[in-house]
Amino acid sequence: MNYSQKIYHSRSQLTEPNKLLQSMFNDLLAARQLAWKLMVRDINAKYRQTLLGYFWALIPPVVVAYGLVIAAQARVVNLGVTDLPYPAYVMLSMVLWQTFLEAFNAPLAAISESKTMLAKVNFPREAIILAKVGEVFFNFLIKLILVIFIFAVYDMPVSPMVFLAPLGVVQIVLLGTFLGLFIAPIGGIYQDFSRAIVIFTTPWLLITPVLYPMPKAGIFATIVKFNPVTSLLVTTRELATTGLVSNWSGFVIVSVISIIGLLLAWVFFRLAIPYVIERMPS
Amino acid sequence: MTENQVSNTTNVILSVEAVSKKFCRGLKQSLIYGIKDIASEISATRKSHDTLRKGEFWAVDNVSFELEKGDAIGLVGANGSGKTSLLRIISGLIKPDQGQVVISGRVVPLIALGAGFNPILTGRENIYVNLAILGLSKLEINQAFEEVIAFAEINDALDSPVQSYSSGMAARLGFACAVHAKADILLIDEVLSVGDMRFRGKCYRKLAQLREDGTSFILVSHNTNAILSMCNKAVYLAKGKQIMTGEPSKVMSKFEEDLCFGPAVDQSGVLVIPAKSSKDTTGLDIIRVKLSNERDSDSNALLSGVAGRISIQVTAHSYQQDVIASALIKELSGESETVLHLSSDKDNKFFSFNSGVSEFAISLAKCGLKPGLYTAKIYLHKKPFFMLDAIESFVFRVTADIDMNQCLFYQPVDWLQTA
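Residue numbers (my numbering), protein chains in the order written: chain C, 1 to 282; chain V, 1001 to 1419.
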């Protein structure tokens, strides 16, 4: 048996940064197996009581994308001209956007779904986050099948750069997780956050070039440009299709911010979680 | 862990050092304090907090004790005395506001019966997840798996979803997972009342075996017997404060004395009830209850194994007949199980009282109750359901001059050699 001595005291964990980093690292290692088990459990449980099973992961982007395709063809909405066949364009974009959104919601969902466990057992808290993020990737892979199918149908151009596209997807998930992890502990205390997220995701979608191509000029173009999701999503889309990346610098800047932000959010999450648990029913 | 470390640190595997924790009852206030506490934690300004903010109280107030390898400590106290909060601090779920907890070993909570069970998934799948949550590696889980299902006795239902389990089965599965989680310190919070009698017995045997193997326990229970039979040390908490620590039998008797009535309560063995006004009475009132025993005429207590009497004085406003006297006796600290139910009609005895004061007695040829504090509900009634008068709680003490540590009641016996 090798176990280290643990001390629980009232001082802030930030007063002993070395110890904090050490325990973060240890817990991350210890969380891997558990995270895998939790992910498998959640995925298994999610679709077990359904007839259509994993098909449910495909339905949301299909419905939204085809709704838009029909609306665009009927000229109900004016979405501009894309340089790629619109159905394939919007399907790929929707899948990327939904992956971002799932990653963004993952930490808060992880906390609220694991309430009883969190309130009773002290296990590496990283596990529930990792499990949820893993689930986001799993869902993405299912949707990827759909994207590949659509690409084949519309005979989409694919450049060798497509092999860099997974990097873009990873960055999208990292950005979502970073933002989600920051609000998760506060959202675990005040439910205002989960309510606000529901309201603000639609406007957020509208300022992201998911349904329309990147606007060229104007105030709207500026807003879209400063939306951090934009550069990641557009770059990933470009990598997956034409291979001509319009804004490498934006992609790199947002990626670096997401990685640093994620580390900070992780620290914040660890520091805050005992106070969240204190307010959960035991 | 090396041999060296063991000898250096004696055998203390858990030490709770002057731990305090405050809580806030109001929801809104508690949420605001939560945000403030997080803010002070991330600005590293949070140190110890020795003042209460508005609406707060000390849920755990300056509690200290040590647990050595193989020790079993019983935590006793009324509801809301801070036992569960203390366990949550020891588990590392919430941070103390003062003091510290030093732990060298794996802490597994038995409070968490079935935490993380997903009702849709099968028992098999849930065992894997639950053991992983409790901190076992894949290899350890595979090794423990067979034992867990054997212990939980759910062979037939192993591949059915847990939502189809009876509550007893689910609890057994949770218990089985927790006891096989290779704990150094097992936290047991009032969970030994799960399952049927046979399974409970099995749990106690398993716990005894774990303890022989060196596992330490912290047991939270209201059940005196559980504490006395399992623990070698007890800590008594009241409103977060540590009232007494030490020998379980002493701590438990102090706890029982204080329980539900505090110092004002009379255990003198005599209860005198003021006369009722004419509009409150039903015609027959109990005015005095008194205990006596054959051995010591000065003592108003019962003695295990010795003849005793519960004498009841009544005053009748008019002639009363066909009166049935009953007594329901419970242990003061126990769960609400009746130890003894005596009713005169079952022995075909019906009393009649003339107007004025009369007295009758429940005579016990030999008192079978074990030593301890008891509460009796004494009532007079007529058939079918006419209540004449009742005393809700007459608290009395049973003592003994014989050794009664190992048993629950006194059995009068004769030892005969018959051949």
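Honestly, the hints are just simulated from the structure, not real lab data.
It cannot be assumed that every hint is accurate.
Stated by the list, open to error - Quick list of in silico lysine to any residue cross-link-like pairs, SDA-like style, CA-CA up to 20 Å: (1) V:Lys1036 <-> C:Arg270; (2) V:Lys1028 <-> C:Lys225; (3) V:Lys1138 <-> C:Trp248; (4) C:Lys6 <-> V:Gln1098; (5) V:Lys1233 <-> V:Pro1119; (6) V:Lys1254 <-> V:Val1395; (7) V:Lys1036 <-> C:Tyr190; (8) C:Lys6 <-> V:Pro1119; (9) V:Lys1028 <-> C:Arg270; (10) V:Lys1028 <-> C:His9; (11) C:Lys115 <-> V:Lys1138; (12) C:Lys19 <-> V:Gln1100; (13) V:Lys1036 <-> C:Met280; (14) C:Lys46 <-> V:Pro1119; (15) C:Lys115 <-> V:Lys1254; (16) C:Lys115 <-> V:Asn1118; (17) C:Lys115 <-> V:Glu1068; (18) C:Lys19 <-> C:His9; (19) V:Lys1036 <-> C:His9; (20) V:Lys1069 <-> C:Ile7; (21) C:Lys6 <-> V:Glu1068; (22) V:Lys1239 <-> V:Gly1026; (23) C:Lys19 <-> V:Ile1032; (24) C:Lys46 <-> V:Asn1118; (25) V:Lys1036 <-> C:Leu264; (26) C:Lys225 <-> C:Thr202; (27) C:Lys6 <-> V:Gly1070; (28) V:Lys1182 <-> C:Leu205; (29) C:Lys6 <-> V:Lys1036.
Hint check:
1. V:Lys1036 <-> C:Arg270: holds, 16 Å
2. V:Lys1028 <-> C:Lys225: violated, 39 Å
3. V:Lys1138 <-> C:Trp248: Not satisfied, since the Cα-Cα distance of roughly 43 Å exceeds 20 Å.
4. C:Lys6 <-> V:Gln1098: The given pair, whose Cα atoms are some 16 Å apart, holds under the 20 Å limit.
5. V:Lys1233 <-> V:Pro1119: violated, 38 Å
6. V:Lys1254 <-> V:Val1395: The given pair, whose Cα atoms are some 15 Å apart, holds under the 20 Å limit.
7. V:Lys1036 <-> C:Tyr190: It holds: about 13 Å lies between the C-alpha atoms, which stays within 20 Å.
8. C:Lys6 <-> V:Pro1119: Given that 20 Å is the threshold and the Cα spacing comes to 34 Å, the pair is violated.
9. V:Lys1028 <-> C:Arg270: Outside the cut-off at roughly 23 Å; violated.
10. V:Lys1028 <-> C:His9: The hint is violated at about 26 Å.
11. C:Lys115 <-> V:Lys1138: The hint is violated at about 24 Å.
12. C:Lys19 <-> V:Gln1100: At roughly 16 Å apart (the allowed maximum being 20 Å), Gln1100 of chain V and Lys19 of chain C satisfy the hint.
13. V:Lys1036 <-> C:Met280: holds, 17 Å
14. C:Lys46 <-> V:Pro1119: Holds, at roughly 11 Å.
15. C:Lys115 <-> V:Lys1254: Distance of about 38 Å is beyond 20 Å: violated.
16. C:Lys115 <-> V:Asn1118: Roughly 13 Å separates the two Cα atoms, so the pair holds.
17. C:Lys115 <-> V:Glu1068: Violated. Lys115 of chain C to Glu1068 of chain V sits at ~32 Å, over the 20 Å cutoff.
18. C:Lys19 <-> C:His9: holds, 13 Å
19. V:Lys1036 <-> C:His9: holds, 18 Å
20. V:Lys1069 <-> C:Ile7: It holds: about 17 Å lies between the C-alpha atoms, which stays within 20 Å.
21. C:Lys6 <-> V:Glu1068: The given pair, whose Cα atoms are some 16 Å apart, holds under the 20 Å limit.
22. V:Lys1239 <-> V:Gly1026: holds, 18 Å
23. C:Lys19 <-> V:Ile1032: Violated: Lys19 of chain C and Ile1032 of chain V sit about 29 Å apart, past 20 Å.
24. C:Lys46 <-> V:Asn1118: holds, 10 Å
25. V:Lys1036 <-> C:Leu264: holds, 19 Å
26. C:Lys225 <-> C:Thr202: Between Lys225 of chain C and Thr202 of chain C the Cα gap is close to 17 Å, so the pair holds against 20 Å.
27. C:Lys6 <-> V:Gly1070: holds, 19 Å
28. V:Lys1182 <-> C:Leu205: Violated - the C-alpha atoms of Leu205 of chain C and Lys1182 of chain V are around 49 Å apart, more than 20 Å.
29. C:Lys6 <-> V:Lys1036: At roughly 26 Å apart (the allowed maximum being 20 Å), Lys1036 of chain V and Lys6 of chain C break the hint.
The structure shown violates the earlier hints numbered 2, 3, 5, 8, 9, 10, 11, 15, 17, 23, 28 and 29.
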